[in-house]
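Enquirer: Letter by letter, the chains look like this.
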Amino acid sequence: MATVSAVTLRNALCQLQCRLTGVPQHAFGYVGLVSNYCQVRTKKQTKAQYKLEPDWFVNRKNRRQGKALTGDNEDFVQEVIGDTYRNQDSMLKEDPWPRQEYHRNTRRTGVVAIKLGVVPQWTKEGHKFFTTLLQVIDNHVIRYTPPEEFEKTSGWKPWWGQRFGSVVVGAMSSDPRNFSKAYNNLFTEAGVPPKKKLTRFLVTPDAAIQPGTPLTAMHFRAGDHVDVQAKTIDYGFQGVVKRWGMKGMPASHGVTKAHRKMGSTGGGGDKSGIWKGKKMPGHMGDKWRILKGLKIWRINTKYNVLYVQGPNIPGNTHGVVRIYDTILRYKRPAPDNHPPMPTWAEEDSQQGVELEYFDENLHVMSEASVSYSQ
Amino acid sequence: MNVICRQAVSLTQAARSFSTTSCLHELRKLSRVRVVDNSSIGRAAAVAGKPGRVIHVYNKQEVATLGDKVLLAIKGQKKRAYVVGVKQRQKAGVPRFDTNNVVLIEDNGAPVGTRITVPIPSILRSKEGDFTKILSLATKFV
Amino acid sequence: MALLAHVARGCSRIPKLQLEAALSVRFQSTLSHNDTKARRARELRPRRNYLLNDEVEQHRKSLLQQSPEVEEIPVQQAEANVPRDFRHVMPEFLPDPNPLYRDRVTEKLERMDMYRRRTCIDIPEFYVGSIMAVTMADHHAPGKQSRFVGICIQRSGTGLRADFTLRNVIDGQGVEVRFDMYGASLQKIEVLKLEQRLDDELFYLRDAAQEYSTIPFDFEPVPLPKGATVPVNSTKVKLNPRPWLERWERHELKGVEDLNLPEKKYRRARQVAKPWERWDLMKRQRESINEDEEESIMKETYMETESTRRARGRQKASLKKTR
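Protein chains in written order, with UniProt numbering: chain E, 1 to 374; chain R, 1 to 142; chain Z, 1 to 323.
Fair warning: there could be bad hints in the mix.
[To be verified] Below 35 Å or equal to it, Euclidean Cα-Cα: the simulated DSBU-like pairs (lysine-lysine) are:
1) R:K91 - Z:K108
2) R:K91 - Z:K274
3) R:K69 - R:K140
4) E:K231 - E:K257
5) R:K91 - Z:K236
6) Z:K283 - E:K128
7) R:K69 - E:K124
8) E:K124 - Z:K144
9) Z:K299 - Z:K188
10) E:K197 - Z:K108
11) Z:K283 - E:K287
12) Z:K274 - E:K242
13) R:K133 - E:K128
14) Z:K144 - R:K140
15) R:K91 - E:K231
16) Z:K299 - R:K91
[Claimed, not checked] To be clear about the criterion: a stretch of chain Z counts as covered by chain E if any three or more of its residues have a C-beta under 8 Å from a C-beta of chain E, and this derived list gives those stretches:
17) 63 to 69
18) 96 to 105
19) 138 to 145
20) 155 to 166
21) 180 to 189
22) 237 to 244
23) 265 to 272
It should be emphasised that the hints constitute simulated quantities derived from the structure, not laboratory data.
Every residue, glycine too, gets a C-beta built ideally from N, C-alpha and C.
Sequences are here, hints too, so could you generate the full structure?
Expert: What follows is the structure in structure tokens.
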């Protein structure tokens with residue numbers, strides 16, 4: 001216990017020191033501890049546990065308790081809130097920003113969606129496969145920061161220089177009484193109600209979006225490929241059998257109290273000691289994972305649902321996922337055939353928006369069965 | 001070799017005091033198979049109550065599926081065979097059989113028998129392997 | 001109090017200061033805007049990286065949204081006179097009751113797909129025990145189509161994953177084929193003989209004599225008289241002697257003759273039996289969905305499928321179940 005608290009204290013002191021002086025943390029590394037040098041096999045598996053909040057961080061929790069109201073008064077307050085946001089000025093009331101051309105290196109913003117479930121679909125060849133349904137609920141662009149400013153605000157010097165600015169996207173409007181005043185103020189520029197989920201996408205300046213712009217499932221097209229980023233299922237603290245798939249030990253033959261333990265932790269001699277990255281019990285899941293190059297097979301515009309390839313999008317049902325254009329070279333949108341820039345607007349669909357869009361290889365349920373020509 | 005094979009068979013049969021029911025119905029090494037062509041060796045093995053046994057599967061998984069080549073120990077001989085029907089759970093639209101069926105072939109790939117007595121899954125045509133002679137022996141496809 | 005009445009009516013705007021004063025008044029029997037079921041659940045389980053079902057529903061229909069989802073008008077009772085046992089006719093329309101996989105929009109979209117598929121291909125009423133013929137597109141068959149006839153021994157899966165298994169004996173070889181009910185390559189599903197058996201699954205036919213599952217491929221369709229109920233075939237199957245694929249004495253089978261096992265086997269079956277599960281209300285709750293929900297789904301399904309059937313100009317089959 002004493003060692004743990006000493007480590008904690010040292011980490012905190014180290015972070016404080018580097019924060020005060022502005023010198024990177026590794027300069028204060030554990031110089032006194034490197035005497036027993038050991039080879040690192042893999043990178044560190046665990047998350048950094050001690051973290052200082054960045055400058056732009058605002059506490060979103062409302063410290064005031066919810067006021068108790070009668071049903072009528074509650075309705076009235078909700079009406080007032082609705083009116084307030086409907087009549088609020090937003091940047092969209094200004095002239096829209098000019099739309100720019102798509103370039104080979106353009107990176108557009110993404111959207112935040114909710115994972116709904118997995119259903120099978122069939123191709124035109126009659127082959128069955130699974131798709132995951134992702135619903136884009138009430139997405140808005142909250143803020144755009146051009147690269148020059150983003151470089152200053154990010155708290156460190158971005159290695160990509162001035163290639164990318166940032167777009168903050170929010171999903172799911174909420175009651176402002178649930179959040180602190182500082183958090184609610186983040187949304188005044190965009191003129192939308194405070195959002196439940198906020199996320200940031202790196203975009204190139206030609207894909208800049210005006211704050212307050214809504215994002216829908218039409219941001220993508222059926223047949224495009226996307227990357228999907230989400231948090232895996234949170235399993236809590238787990239042993240080695242579940243976390244790393246180790247075998248445990250036999251059920252009998254003299255084994256006592258060690259049926260689900262890991263066996264040896266390492267060798268002796270030069271390679272003695274427990275190496276960094278040793279697979280051990282610990283917290284499992286709840287980590288960000290990315291699946292790259294998934295195809296969008298189908299889009300439902302009524303419910304804003306994307307049918308994305310694969311049954312294995314990380315996380316539970318109703319988990320939050322980030323979706324953006326894939327970065328894979330051969331699956332990225334090409335300049336001659338690209339999705340709407342910087343996002344879909346009503347003027348893009350001259351004939352009106354259809355209820356559903358399908359990939360050309362997908363078997364549409366309202367069409368005749370697949371049959372092979374003789 | 002013949003002697004060893006025979007001994008192995010009799011030993012395992014004598015020592016069988018445990019359940020051999022497998023829920024996955026995987027066709028692995030030492031599992032019994034049914035020879036479905038009219039070769040005399042296959043019929044003789046069935047009559048003797050000692051149907052052939054898989055002693056090797058020519059794939060990396062070591063579990064034979066439709067269209068895989070296996071090595072059998074049958075009537076004291078080593079014979080190659082193609083799997084033409086399995087008990088294991090199959091994809092939708094692919095037939096699953098009550099027995100694991102094989103067709104014996106010679107070392108040069110020609111089938112031993114001249115006729116196949118049970119239906120053959122037509123999906124075999126899409127599998128890799130030299131089945132043309134075997135498929136020409138079949139009378140029914142499912 | 002006058003102010004409060006004003007607030008309660010909500011008819012006109014009131015000055016901001018007065019509003020705040022009114023909001024700070026606490027009432028004895030009150031509602032709090034954030035004292036919800038979801039909030040209480042959140043307190044019970046703080047670590048959670050996904051949203052709860054009612055949170056998602058709240059956001060879908062929230063008036064703060066730009067385009068909230070419009071509440072759909074439920075089908076009137078008078079319009080949909082759903083037969084009593086309709087859920088046994090189309091069980092695949094009821095969703096998986098596991099709360100981890102429930103979602104209203106997924107289920108809705110899945111059902112819409114199923115209705116669309118049913119307009120293109122006739123998926124008739126059938127039960128486990130019915131004799132059926134399925135025609136399927138097949139790359140390798142002559143004529144690029146293959147037809148399989150057999151007795152239905154299992155029906156499983158919900159939604160678009162629904163499937164059924166047919167069994168037949170061809171040239172002395174037992175063959176079973178599983179078909180996706182909504183698969184794209186199914187061409188035709190015929191019910192040659194509509195009947196039920198005493199059990200929900202007929203896997204014991206694998207351990208029975210072959211004549212019980214032998215059906216000729218040129219089986220003549222047996223039409224059911226108009227308005228007749230679906231008959232229950234009460235034949236008792238005689239199983240082969242052991243060894244079996246499963247220990248059938250533990251399965252409470254109704255369609256099987258006496259198994260003639262030693263008393264030891266029955267005693268062991270009684271030991272491992274779980275007779276209390278019949279009265280386990282929580283278990284029943286877990287394995288079925290809410291009755292109201294089931295009723296509304298079945299109403300919708302009945303309306304949709306009935307209109308398709310009428311469009312085909314078919315006679316309405318009798319749906320009454322006589323189990």
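Enquirer: Test coverage of the stretch 180 to 189 of chain Z by chain E using CB-CB distances below 8 Å; three residues minimum.
Expert: holds (count 7)
Enquirer: Please verify whether K91 of chain R and K231 of chain E have alpha carbons no more than 35 Å apart.
Expert: It holds: about 32 Å lies between the C-alpha atoms, which stays within 35 Å.
Enquirer: With a cut-off of 8 Å between beta carbons, are at least three residues of the stretch 265 to 272 of chain Z near chain E?
Expert: violated (count 0)
Enquirer: Is the listed coverage of the stretch 96 to 105 of chain Z by chain E valid when you require three or more residues with a beta carbon under 8 Å from a beta carbon of that chain?
Expert: holds (count 5)
Enquirer: Is the straight-line distance between the alpha-carbon of K283 of chain Z and that of K287 of chain E 35 Å or less?
Expert: Since the Cα atoms of K283 of chain Z and K287 of chain E sit roughly 34 Å apart, the hinted pair holds (cutoff 35 Å).
Enquirer: Would you say the stretch 237 to 244 of chain Z counts as covered by chain E, given the rule of at least 3 residues with C-beta under 8 Å?
Expert: Coverage by chain E is violated for the stretch 237 to 244 of chain Z (0 residues, Cβ < 8 Å).
Enquirer: Check the hint pairing K231 of chain E with K257 of chain E against an upper bound of 35 Å on the C-alpha distance.
Expert: Roughly 34 Å separates the two Cα atoms, so the pair holds.
Enquirer: Are there at least three residues in the stretch 138 to 145 of chain Z whose beta carbon sits under 8 Å from a beta carbon of chain E?
Expert: holds (count 5)
Enquirer: Check whether the Cα positions of K283 of chain Z and K128 of chain E lie no farther apart than 35 Å.
Expert: 33 Å, holds
Enquirer: Sort out whether K108 of chain Z lies within 35 Å of K197 of chain E, counting only the CA atoms.
Expert: Given that 35 Å is the threshold and the Cα spacing comes to 25 Å, the pair holds.
Enquirer: Hint check: K91 of chain R vs K236 of chain Z, CA-CA at most 35 Å. Holds or violated?
Expert: At roughly 31 Å apart (the allowed maximum being 35 Å), K236 of chain Z and K91 of chain R satisfy the hint.
Enquirer: Is it true that the CA of K69 of chain R sits at most 35 Å from the CA of K124 of chain E?
Expert: Holds, at about 32 Å.
Checked against the numbered hints above, the structure breaks hints 22 and 23 and satisfies the rest.
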